[in-house]
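Position chain D against the provided structure of chain S, taking the given hints into account.
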Amino acid sequence: MENWLQNAGWSREFRHADAEVKKVDFGTQNSGYEGLDEADFHFHFGHGYKFVTGTWLALWNYSFCFNPGAIVSPGDLKKKWDFNNEWVFLHSCNVLSDVRAWGKALKYTHMIMGFSTTTYTSTDLLERFFKAAIEWDWDLYWAYYHATTETYKGYDSTIKAVIIADNSNQLYNDRLWGQRNVEPDEYPDDNEVVYREWVCSGGG
Amino acid sequence: MVGLRLIALILTVAIGTTLHAWFSNLNEPIPAPLGSEAEITLKTELPKIKVATVYRITDVERTLIPPKKNLKEVKYVPSESEAIKILSLSDQYDGLVLKSVQTITTKVMNTETGEVVREKPEFVSIIYGREINGIPVIGPAADGIVAAVAENEIIYISKLWREIKEAGKKQIISAETAFTKLKKEELLSRPLYTGTKLEVREVKLAYYAGSENQKYYKIVWLFKCVDNNGNWVDVIVDASPS
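Quick mapping for you: the protein sequence lines, in order, are chains S and D. Each residue of the first sequence is one higher than the one before, starting from 32 at the first, in the working numbering. Each residue of the second sequence is one higher than the one before, starting from 6 at the first, in the working numbering.
There could be a bad hint or two in this list.
[Stated by the list, open to error] Covered stretches of chain S (in silico footprint by chain D; criterion: 3 or more residues with CB under 8 Å from a CB of chain D, positions within the stretch not fixed):
#1 33-43
#2 52-60
#3 68-80
#4 123-130
#5 146-153
#6 157-171
#7 191-204
[Stated by the list, open to error] Restricting the straight-line Cα-Cα distance to at most 27 Å, the calculated cross-link-like pairs of lysine-lysine (BS3-like) are:
#8 S:Lys135 - D:Lys112
#9 D:Lys53 - D:Lys209
#10 S:Lys135 - D:Lys125
#11 D:Lys74 - S:Lys162
#12 S:Lys162 - D:Lys77
#13 D:Lys73 - S:Lys162
#14 D:Lys74 - D:Lys164
#15 D:Lys90 - D:Lys73
#16 D:Lys48 - D:Lys209
#17 S:Lys109 - D:Lys112
#18 D:Lys53 - D:Lys188
#19 D:Lys223 - D:Lys186
#20 D:Lys170 - D:Lys223
#21 D:Lys186 - D:Lys174
#22 D:Lys186 - D:Lys175
#23 D:Lys175 - D:Lys209
#24 D:Lys77 - S:Lys135
#25 S:Lys162 - D:Lys164
#26 S:Lys110 - D:Lys112
#27 D:Lys220 - S:Lys162
Simulated from the structure, these hints should not be mistaken for laboratory data. As the structure is a computational prediction, the values presented were derived from the model and not from experiment. Glycine included, C-beta positions come from ideal geometry on N, C-alpha and C.
Just chain S, with the same shape it has in the complex:
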């Protein structure tokens, strides 16, 4: 992933792993250190949960029984992504099953890509995504459709990918920086998001 981006002229803002990852890295603050909201593109890999009370991303020391507070929930992010970020890629299970809650994070951020069901670790997913988005210069939604269906079509159970955009111009026209077109931020922000979900595995 980093090779793709660095070769296309991107630079790394931060890379945190495991215990280094804090809630604040997800852009929960609107001043001082703003985490992912200081970067144009953010990739997250880790466990995601869906429960009767909502969805959340689990931090390193999360335990369902012993440390249930070590999470990032969409409530922590409502209208918080308003600084520099355009795109967030969440390689995590389940969380985008709640479009309404995660969509509220999109104040000026353009797009969240993720999954509404179980997903699986894969070295191919990002490789295919960046090949389509950078080398082939595809619109982001086509790059994400291609990457998810190519990577997961051979799985037997249902895997669903979701893309949520702040408005339809961004959904239809955004490419990565350096790939011809990025739509403007939505200003003034409204309370609508545009989204699309598809089965990317064998399950129907």
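Same frame as chain S, but now just chain D:
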């Protein structure tokens, strides 16, 4: 902001999962995908198969037709049955299995009310997979065909299909042994879900394609499980004797 190209990566994990394959040079620990708190129970009979047919891959067909149009231009989407006819693949590939056909729509939601205020159909997404003598080919580089159909034409298609030849029989580990491996988390496929309960509902043999360049399919045991939220989870264990 325009002009800046910055990337942030966060690699978070609840219970030891890391990007092992991507950053193996960092010597990070093996992921624990099912979670140290997961309770795994068997709710099905285990097959008694001990021998499986091996297939050698002799050639690979790889076709990609890039997206022909921006979806905002789409004015008409055929029915799912019409879309399958437009694609018309079923006689061309031995073992082709229709796995998913779905009309994809774009929805506009008001996040304050949760109401979907507009919806537009944009294409029919079709996914075909492969079975060899009734055994599915699975994995991240499995044989299959993915197509998008709109306005009575194929607007995107990606094919990966292998020519194969039977290459004999092979002893495999029993399903019981594979289940023991599953509980020890000796897996080929790592779900990112970390549930508290996992029920094994079905167990079957499968051929596993991990990369486009492999010479043989790996023979695996596929454990089809259901988590405590009712989601199906595939767990894959290598069937080769160690």
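The hints, checked one at a time:
Only residues whose C-beta sits within less than 8 Å of a C-beta in chain D count toward coverage, and the segment 33-43 of chain S has 7 of them, enough to reach three; the restraint holds. With 3 residues having a beta carbon nearer than 8 Å to a beta carbon of chain D, the segment 52-60 of chain S meets the requirement of three or more and the stated coverage holds. With 12 residues having a Cβ less than 8 Å from any Cβ of chain D, the segment 68-80 of chain S passes the three-residue criterion, so the hint holds. Requiring three or more residues with a Cβ within less than 8 Å of a Cβ of chain D, the coverage given for the segment 123-130 of chain S holds, as 4 such residues are present.
For the segment 146-153 of chain S, the proposed coverage by chain D is satisfied: 6 residues have a C-beta within less than 8 Å of a C-beta in that chain, meeting the threshold of three. Residues of the segment 157-171 of chain S with a Cβ under 8 Å from some Cβ of chain D number 3, which satisfies the need for three, so the listed coverage holds. Coverage of the segment 191-204 of chain S by chain D holds in this model, with 4 residues showing a Cβ closer than 8 Å to a Cβ of that chain against a need of three. Taking the CA atoms of Lys135 of chain S and Lys112 of chain D, the gap is about 15 Å. The hint holds against a cut of 27 Å.
Our distance criterion of 27 Å between C-alpha atoms is met by Lys53 of chain D and Lys209 of chain D, whose separation comes to about 10 Å. Restraint check for Lys135 of chain S and Lys125 of chain D: satisfied, since their Cα atoms lie roughly 22 Å apart, inside the 27 Å limit. Between Lys74 of chain D and Lys162 of chain S the alpha-carbon distance is near 19 Å, which keeps this suggested pair within the 27 Å criterion. About 23 Å separates the Cα atoms of Lys162 of chain S and Lys77 of chain D, which keeps this hinted pair within 27 Å; it holds.
Of the supplied pair hints, the one linking Lys73 of chain D and Lys162 of chain S holds, its CA atoms being roughly 17 Å apart against a limit of 27 Å. Distance restraint check for Lys74 of chain D and Lys164 of chain D: the Cα-Cα separation of roughly 19 Å lies within the 27 Å cut-off, and the hinted pair is therefore satisfied. Note on Lys90 of chain D and Lys73 of chain D: the hinted pairing holds, with a Cα-Cα distance of about 19 Å set against a maximum of 27 Å. For a cut-off of 27 Å, the pair hint linking Lys48 of chain D to Lys209 of chain D stands: about 14 Å separates their Cα positions.
Distance hint between Lys109 of chain S and Lys112 of chain D is fulfilled; the C-alpha atoms sit about 20 Å from each other, no more than 27 Å. Between Lys53 of chain D and Lys188 of chain D the alpha-carbon distance is near 19 Å, which keeps this suggested pair within the 27 Å criterion. Restraint check for Lys223 of chain D and Lys186 of chain D: the C-alpha separation of about 16 Å stays at or below 27 Å, so the hint holds. Note on Lys170 of chain D and Lys223 of chain D: the hinted pairing holds, with a Cα-Cα distance of about 14 Å set against a maximum of 27 Å.
A hinted pair counts as satisfied when its Cα atoms are at most 27 Å apart, and Lys186 of chain D with Lys174 of chain D qualifies at roughly 23 Å. Between Lys186 of chain D and Lys175 of chain D, the direct Cα distance comes to roughly 19 Å. Compliance with the 27 Å bound is thereby established for this hinted pair. Distance hint between Lys175 of chain D and Lys209 of chain D is fulfilled; the C-alpha atoms sit about 16 Å from each other, no more than 27 Å. Restraint check for Lys77 of chain D and Lys135 of chain S: satisfied, since their Cα atoms lie roughly 24 Å apart, inside the 27 Å limit.
Distance restraint check for Lys162 of chain S and Lys164 of chain D: the Cα-Cα separation of roughly 17 Å lies within the 27 Å cut-off, and the hinted pair is therefore satisfied. Pair hint Lys110 of chain S plus Lys112 of chain D holds up; C-alpha atoms about 20 Å apart against a cutoff of 27 Å. Proposed proximity of Lys220 of chain D and Lys162 of chain S is supported: the alpha carbons are some 24 Å apart, at most 27 Å.
Hint compliance for this structure: no hint is broken.
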